[in-house]
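Protein chains: 2
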Amino acid sequence: MNGANALIRTFVDSGVDVCFMNPGTSEMHFVHALDDVPEMRSVLALFEGVATGAADGYARMADRPAAVLLHLGPGLGNGLANLHNARRAKTPVVNVVGDHATYHAACDAPLQSDIASIARGVSSWIRTSRSPETVANDGAEAVAAAHGPPGQVATLILPADVCWLDSPGPVAPAARTTPAAVPDDRIEAAAAALRSDEPAALLLGGTTLRAETIRVAGGIAEATGAKLLAETFPARLERGAGIPAVDRIAYLAEFAQMQLDGLRHLVVVDAASPVSFFAYPDKASDLLPEGCTLHVLASPEEDAVGALRSLADELGAAPSTSAAALQRPDRPTGALTAETMAQALGVVLPEGAVVVDEGNTAGLFASGLTAGAPPHDWLCLTGGSIGYGAPAATGAAIAAGDRKVLNLEADGSAMYTLQSLWTQAREGLDVTTVILNNGSYAVLNMELDRVGAGTAGPRAKEMLDIPGLDFVALAAGMGVEATRATTAEEFTSQLERALATEGPALVEAVLPSTL
Amino acid sequence: MNGANALIRTFVDSGVDVCFMNPGTSEMHFVHALDDVPEMRSVLALFEGVATGAADGYARMADRPAAVLLHLGPGLGNGLANLHNARRAKTPVVNVVGDHATYHAACDAPLQSDIASIARGVSSWIRTSRSPETVANDGAEAVAAAHGPPGQVATLILPADVCWLDSPGPVAPAARTTPAAVPDDRIEAAAAALRSDEPAALLLGGTTLRAETIRVAGGIAEATGAKLLAETFPARLERGAGIPAVDRIAYLAEFAQMQLDGLRHLVVVDAASPVSFFAYPDKASDLLPEGCTLHVLASPEEDAVGALRSLADELGAAPSTSAAALQRPDRPTGALTAETMAQALGVVLPEGAVVVDEGNTAGLFASGLTAGAPPHDWLCLTGGSIGYGAPAATGAAIAAGDRKVLNLEADGSAMYTLQSLWTQAREGLDVTTVILNNGSYAVLNMELDRVGAGTAGPRAKEMLDIPGLDFVALAAGMGVEATRATTAEEFTSQLERALATEGPALVEAVLPSTL
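Heads up: the protein sequence lines correspond to chains D and U, in order.
Those letters in the first sequence? Residues 1 to 515, by our numbering.
Those letters in the second sequence? Residues 516 to 1030, by our numbering.
Think of the hints as simulated: they come from the structure by calculation, not from any bench.
Some hints could be false.
Covered by chain U, per the in silico footprint, the following chain D stretches (three or more residues, Cβ under 8 Å) [what the hints assert, rightly or not]:
hint: 1; segment: 16-30
hint: 2; segment: 45-53
hint: 3; segment: 144-154
hint: 4; segment: 382-393
No residue lacks a Cβ here, since even glycine has one placed at the ideal position from N, Cα and C.
Same shape as in the complex, but just chain D (with noise of 0.2 Å):
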């Protein structure tokens, strides 16, 4: 057996059998050992983006992590972006880069390049792997580091030479680390800025937005009379009717520090003291408000859900049962805009449907008209690269089983990585893509007009201009049947269409170049 069939068995028997693949000529051994291990699933992506985006949206509704390979240094390059977002959304990813035979690097062969350094910025354990002799454990290791706490992007570096040489064979899976107990003093701190009378907010993130964590933290907010928060962009936020609202803090800054106005406590759990997305002039990075005092109930590596259930304890305060009721808007009619887009996908919406929501300014009413849905996932782009939905709904279908997927995708984010749309077809799955198409990058254009530059000229203006892209054919040329929707009405009645229909179906909705 040898280091390639070594490690994909030693990646089965730790409990990650889907690999999201864009290999080359150094990782051929890897693939050619694909036959000889059934259990893992390989799917191929015709840019490394896809790859490492799909095995986020994988992990995200799967709860563990697959695995990518990538080709060298620049396969890495391009699946950066969509590592950098699972990074931020502390989702587990096996990541295995390629590398020459361990004795080619001193020729510097056109591909030589150092792929630590590129990795270095996405992940926090990186490690090569020298031999055949260790490669089983090397990759043992890599899925017990990609868990966490928190989940990372574990990079294991293969060289050619390690898959290709004799192994003693798989080794069991490594032993993963505990989320550590958040100590009583904490506890009690949180408690008692939330007994006292002063303004006080509850801010989720990370691993505590599943609707049960959610009831949890909403008992607490009721018992205290705190605000339920939760971050900017959850990676995976569970809602809808039967689990209790939360408010996600906006991502334009104004509006932040209003949800944030006047607090004079904020508990945060395993999630980020809230700051701006970007800078502008004369405006605040920090969001938390001056006089607001900061208390981190559970970081990242901790056990945030078992510190909410003690807390809950400490208050006395059991979940909350007021939730969100099912209600669906009205079928829209007239004019295709944000509103009415948004409008339709609530009307449609089915039961534990996973939401891929990478609409930016022109799906700015998609949360708000599905509130009332029935229960469902929702999947954000949270590192703030642009390209990561289309991916993510590739491999959160992978996942999720029966669930149907839909991917809120504006046209501009789209056109990254937009290769998924052929894996979607080729694996069959069972994804209903929108783009929302205003033939512009809209929020740029928006941002334009903050950064206080003032007014932009027609240069400027026609850089965030994309105008002329047919989504149906570009749908077409990838094997995904599509449609175009200019009305309300026929919006609706094609997004019901494509939910109908079992295998991956595109929708383009026709919007209006402003919101």
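Since the structure of chain D is provided, determine the placement of chain U on it from the hints.
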């Protein structure tokens, strides 16, 4: 005048007047300033790899750098693969990467990342501009650094506040380094090696592959009986009728070894000693034959062209007057194959064409069957990171003025950066793209056999097959007119028509899945 404005003016004054960009919020002041400096042409790309590859193609034809504008670490990640190719091509690129405002880094906002760490592998000159007082000077030095010698990717990290704050204005161009003259003893040593009766070859690379210098080298070869060779993947090779033919060293090590077999002296001029592209079990990585002495006539930072002239003087060798004859193949008929496709290229290739070759296995015959076409340039994938062709063709078209650009593009490679077509359409660039669609990563199918892993199973094979791509639809989706050819006759006439049209066009050549 703010920092952004001062920087752009300085670029223009330093001879950099094209900027390929995919900006985000932190670059909005840069974008805003474009209207104040109309001499800077700004070209939008829908994906960063298009922008960086376009800058590579542009500079190969213009002999001066373009600027690139990218959005923080993830944007740089997306652009990295083609910067890797640019680095291997020794192409000058001014790589501007926008960053958060200097004081915002402390917030660890979602897009915060270690840009310098990502840039390190592709860029030996990296500077973070710290203040609007110095930004113009930083820009001038970036341009000088990009020029080299050798040409390189100079990365300027540009915090948003450095752009938006008041600056003292532009500065004069920075002094450039002159290539160092090669010392006489090295000229004499090379002359002695070539004068000996032992088998010798002259291996040309980098700056020495323009027609005039090839004639000088050809004269040396004729005078001494040395073989005339070129590196495997030249950044830019002038060739065709009227120019001495130079044999490129083969990609496959087995064939390269045949070319080099028996040599006792190898004189390299702005080229590396030959190595195998990848490592294989039981095959050599270093291809310099045993008993062959390597003579470095000129390294990339030296005046290689001057050194060849001195060597010719030392040897009393006049420039070669022999050259490839004008000779086009017959118009092909029958089945469309890699060979008849290449034959058609030989029939129609116009004088002065710029061929951007990412044909990979399907393009194997293209070079041979165009060897007697009217003089043209041939641009190769220098770094092995696929997805360079369509972007490089985009940039080359901007640099090349009235010359026709022909992008020979393999299907698999095309899918990494196909967004290039949108930029070609928007800018009305005269690029004819030929997609070689064999439904396969054919080079990997070949490599899978070569790596000695035994017969591949169905799952391995499946990872190398990419059926179902319709490039006519994909091109239409981005505004480029396209046709599909299934016979040699169709292909030849469609290619003729595409080349006769102004503006971008695409011809999809449907090829058998194996050579």
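Going down the list of hints, with the structure as the test:
For the segment 16-30 of chain D, the stated coverage by chain U holds: 7 residues have a C-beta nearer than 8 Å to a C-beta of that chain, and at least 3 were required. Beta-carbon proximity to chain U at under 8 Å applies to 3 residues in the segment 45-53 of chain D; the threshold of 3 is reached and the given coverage holds. With 0 residues having a Cβ less than 8 Å from any Cβ of chain U, the segment 144-154 of chain D misses the three-residue criterion, and the hint is violated. Check on the segment 382-393 of chain D: 5 of its residues sit with their Cβ under 8 Å from a Cβ of chain U, so the three-residue criterion for coverage holds.
Violation of the numbered hints given earlier is confined to hint 3; every other hint is satisfied by the structure.
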